[in-house]
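**Student:** Construct the entire structure; sequences and hints are all you get.
Position in the sequence shown counted from 1, then plus 2, gives you this note's numbering.
Hints in this document: simulated from the structure, not taken from any laboratory.
Accuracy of the hints is not assured; some may be wrong.
Cut-off 25 Å, straight-line C-alpha distance, at most; resulting in silico cross-link-like pairs (BS3-like, lysine-lysine) [to be verified]: (1) 105 with 59; (2) 59 with 116; (3) 105 with 116.
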Amino acid sequence: MATNVSGCLVKILLFVLGAVMGTALTAVAVVVMFVPDRTTVISVDPTSTSPGVYVKKVEQLVGSTYYEIWLGPTPDRGHVVTVPAGWEHDPERETTGDGLRLKFDNGGEIFVPKASYS
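**Tutor:** In structure tokens:
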């Protein structure tokens, strides 16, 4: 009888271990699939009149690839502007007294006020 009881406890412990491992592997898979990978493709260092401009390509295992423009002192810190789909990723930059204007070839413009990135 003792053999059956210990065999039952082993089965229960193996079931619990399997549930914990399954949950952990599922969590890792979700993180790998949905956390984006950012790569800096264009880097323009800051000057006294304009912020640093860092264009990053964002790729996900599940989802589409898109571009972001980070405005700020370093590539890891600043105001993020997502580039609309179909627009180029290297706009012309025009610094004004009020902020920074990003001009795209298709005629589109994005204006970022100075208070957002300073």
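**Student:** Run every hint past the structure and note whether it holds.
**Tutor:** Hint check:
1. A threshold of 25 Å between alpha carbons decides the hint, and for residue 105 with residue 59 the separation of about 18 Å falls inside it, so the pair holds.
2. Restraint check for residue 59 and residue 116: the C-alpha separation of about 24 Å stays at or below 25 Å, so the hint holds.
3. A distance of roughly 16 Å separates the Cα atoms of residue 105 and residue 116; the hinted pair therefore holds under the 25 Å criterion.
This entry satisfies every hint, going by the numbered hints stated previously.
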